[in-house]
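Engineer: Okay, here's what each chain looks like letter by letter:
There are 2 protein chains.
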Amino acid sequence: MQSPITTFDQLLTAARSGTCRVACIYPHDAGTLEALARFEAAGLGSVVHIDGADPAEAAARAVALVREGRADILMKGLVGTDVLLRAVLDKACGLLPAGNVLTHLALCETPADRRLVVFTDVAVIPFPTHEQREAQIASAATLCRRLGIARPRVGLVHCSEKTSDKFPVTRSYERLRCCTDELIVDGPLDLLCCLSEEALRVKGLESPTGGKSDIVVFPDIEAGNTFYKSLHLLRPDLHSAAILAGTSAPVVLPSRGDTAETKLLSLALAKMSLPASRMTEAHAAGA
Amino acid sequence: MQSPITTFDQLLTAARSGTCRVACIYPHDAGTLEALARFEAAGLGSVVHIDGADPAEAAARAVALVREGRADILMKGLVGTDVLLRAVLDKACGLLPAGNVLTHLALCETPADRRLVVFTDVAVIPFPTHEQREAQIASAATLCRRLGIARPRVGLVHCSEKTSDKFPVTRSYERLRCCTDELIVDGPLDLLCCLSEEALRVKGLESPTGGKSDIVVFPDIEAGNTFYKSLHLLRPDLHSAAILAGTSAPVVLPSRGDTAETKLLSLALAKMSLPASRMTEAHAAGA
Numbered sequence: 001m002q003s004p005i006t007t008f009d010q011l012l013t014a015a016r017s018g019t020c021r022v023a024c025i026y027p028h029d030a031g032t033l034e035a036l037a038r039f040e041a042a043g044l045g046s047v048v049h050i051d052g053a054d055p056a057e058a059a060a061r062a063v064a065l066v067r068e069g070r071a072d073i074l075m076k077g078l079v080g081t082d083v084l085l086r087a088v089l090d091k092a093c094g095l096l097p098a099g100n101v102l103t104h105l106a107l108c109e110t111p112a113d114r115r116l117v118v119f120t121d122v123a124v125i126p127f128p129t130h131e132q133r134e135a136q137i138a139s140a141a142t143l144c145r146r147l148g149i150a151r152p153r154v155g156l157v158h159c160s161e162k163t164s165d166k167f168p169v170t171r172s173y174e175r176l177r178c179c180t181d182e183l184i185v186d187g188p189l190d191l192l193c194c195l196s197e198e199a200l201r202v203k204g205l206e207s208p209t210g211g212k213s214d215i216v217v218f219p220d221i222e223a224g225n226t227f228y229k230s231l232h233l234l235r236p237d238l239h240s241a242a243i244l245a246g247t248s249a250p251v252v253l254p255s256r257g258d259t260a261e262t263k264l265l266s267l268a269l270a271k272m273s274l275p276a277s278r279m280t281e282a283h284a285a286g287a
Numbered sequence: 001m002q003s004p005i006t007t008f009d010q011l012l013t014a015a016r017s018g019t020c021r022v023a024c025i026y027p028h029d030a031g032t033l034e035a036l037a038r039f040e041a042a043g044l045g046s047v048v049h050i051d052g053a054d055p056a057e058a059a060a061r062a063v064a065l066v067r068e069g070r071a072d073i074l075m076k077g078l079v080g081t082d083v084l085l086r087a088v089l090d091k092a093c094g095l096l097p098a099g100n101v102l103t104h105l106a107l108c109e110t111p112a113d114r115r116l117v118v119f120t121d122v123a124v125i126p127f128p129t130h131e132q133r134e135a136q137i138a139s140a141a142t143l144c145r146r147l148g149i150a151r152p153r154v155g156l157v158h159c160s161e162k163t164s165d166k167f168p169v170t171r172s173y174e175r176l177r178c179c180t181d182e183l184i185v186d187g188p189l190d191l192l193c194c195l196s197e198e199a200l201r202v203k204g205l206e207s208p209t210g211g212k213s214d215i216v217v218f219p220d221i222e223a224g225n226t227f228y229k230s231l232h233l234l235r236p237d238l239h240s241a242a243i244l245a246g247t248s249a250p251v252v253l254p255s256r257g258d259t260a261e262t263k264l265l266s267l268a269l270a271k272m273s274l275p276a277s278r279m280t281e282a283h284a285a286g287a
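Protein chains in written order, with this note's numbering: chain A, 1 to 287; chain B, 1 to 287.
Where hints are given, some of them may not hold.
The list treats identical chains as interchangeable, and a pair is accepted whether it falls inside one copy or across any two copies.
Unchecked claim - Pairs of lysine-lysine, DSS-like flavour, derived with a Cα cap of 30 Å:
1. LYS166 - LYS91
2. LYS91 - LYS162
3. LYS91 - LYS212
4. LYS212 - LYS166
Hints in this document: simulated from the structure, not taken from any laboratory.
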């Protein structure tokens, strides 16, 4: 087992191993072009630019490239999120296997020690069902393991540490709690208790996460998005990266405000999230 | 009209005018004692310590003092939040007039310019109805006017700027939008668009808030609490203060982790939130 990747510098270094191919739809804005150029220059992989007069047709073509194994990662450039998602979610020709749950994983630095933590879901599933929440945790845990964290600690966010019928999400959390050799899940915990030993101590609480969650799960998109926007508002100096998961290949779907740095880190994260088999294929194809 | 109070320093200075009396239940922890001592030393008002063997009885006694006009502000010391709220919400002897909505107002500094913004509701109402949201806005707007902001700008937080039936809160927001001589309300806006001109520009949006909301309204307590905890996690250097509103007198209900500074600022905010009539009374009583 590799030693865990705990910083973005380590992520960029680790992502140099092997190669991969990115299919980017409409790479026309400066930030996307810069990210792709830096990705290629750093030897992380190669890029296929997907253009054409019709955005929906271009998106379908990019998705087809990935389905056919001629690209490993799908990326959105200057095209609507709706257009890209429609192509990804297409039942016949898309990238979401039947029964899979599409979710969003954001990798962000903690303020105190710039440790990497996966946050889900800040952008895709509005109000996760219990089963969707299980899938979010499974996708986030798979990503953590690719980053070398063998036994991820998962904090389940709520406004307090009490379970009650007034908050149905806390009943879901009760059923998700576990402490196995592969996974530690605890909640409800408020966001501070998920990420701060000190916060747990002040409240006189103990948690198997130890206030050092590797994964933070939000009750719904309103809480998740509020966190993500708070991060950008309050600490624009902290880096982040994000991918869609649940798909047969990682998808990078940047926001309008994302910097070239965020897009580059997201591409590196997407590459690290590729299964070993895919990486070998990619390697072979690149050789 | 006074010039608006836009910083905590200005708030502390303004709060020196007039006097008031604080009834504090079980002021036994170091943070509360320090806050009360500084409140008195700064000439902001006087303090009645409420003790006794039984917390519920002590809480009821403190509430009675406020009801009888012998204290102006109620504060929680080392006693359970449940105990204090039970006394406040008591139908016969409490502090919540029939038909009023109890809500929580947090005054926080913005990261860029340390401007004061009211956030609601991070702690009290789980899932506000449309009518409760109207009451939250009304309470926050009243507080803003006490701080000298004649025409508060209100940003209604959602994970995007689109209205849809998938998110019922956005339908409530549509009905709340207004632009009068007294109030500007706009939403749905994501948290960044509520508080950043730049974020609006990047998204190509216009909002009558101009990205400079004086009041930010969260869709529910999960989003609100996530913001509040994010603030403490990401920017512990930024100050904040909080009071309960909707009650017949302001209530200061600190969290376990709050510093003496936060408690002092909350007392100053509570004093500023007193209606002019109450301040006159307090002044007369103190004279």
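Engineer: Please work out whether the CA atoms of LYS91 and LYS162 approach to 30 Å or closer within one copy, between two copies, in both situations, or in neither?
Structural biologist: between (40 Å within a copy, 26 Å between copies)
Engineer: First find the shortest C-alpha distance between LYS212 and LYS166 inside one copy, then the shortest across copies, and answer within, between, both or neither for a cut-off of 30 Å.
Structural biologist: within (28 Å within a copy, 34 Å between copies)
Engineer: Is it within, between, both or neither when you check LYS91 against LYS212 at 30 Å Cα-Cα?
Structural biologist: neither (39 Å within a copy, 43 Å between copies)
Engineer: I want to check one pair: LYS166 and LYS91. Are their C-alpha atoms no more than 30 Å apart within a copy, between two copies, both, or neither?
Structural biologist: Between copies, since 22 Å is at most 30 Å while 37 Å is not.
When the structure is compared with the earlier hints, a violation turns up for hint 3 alone.
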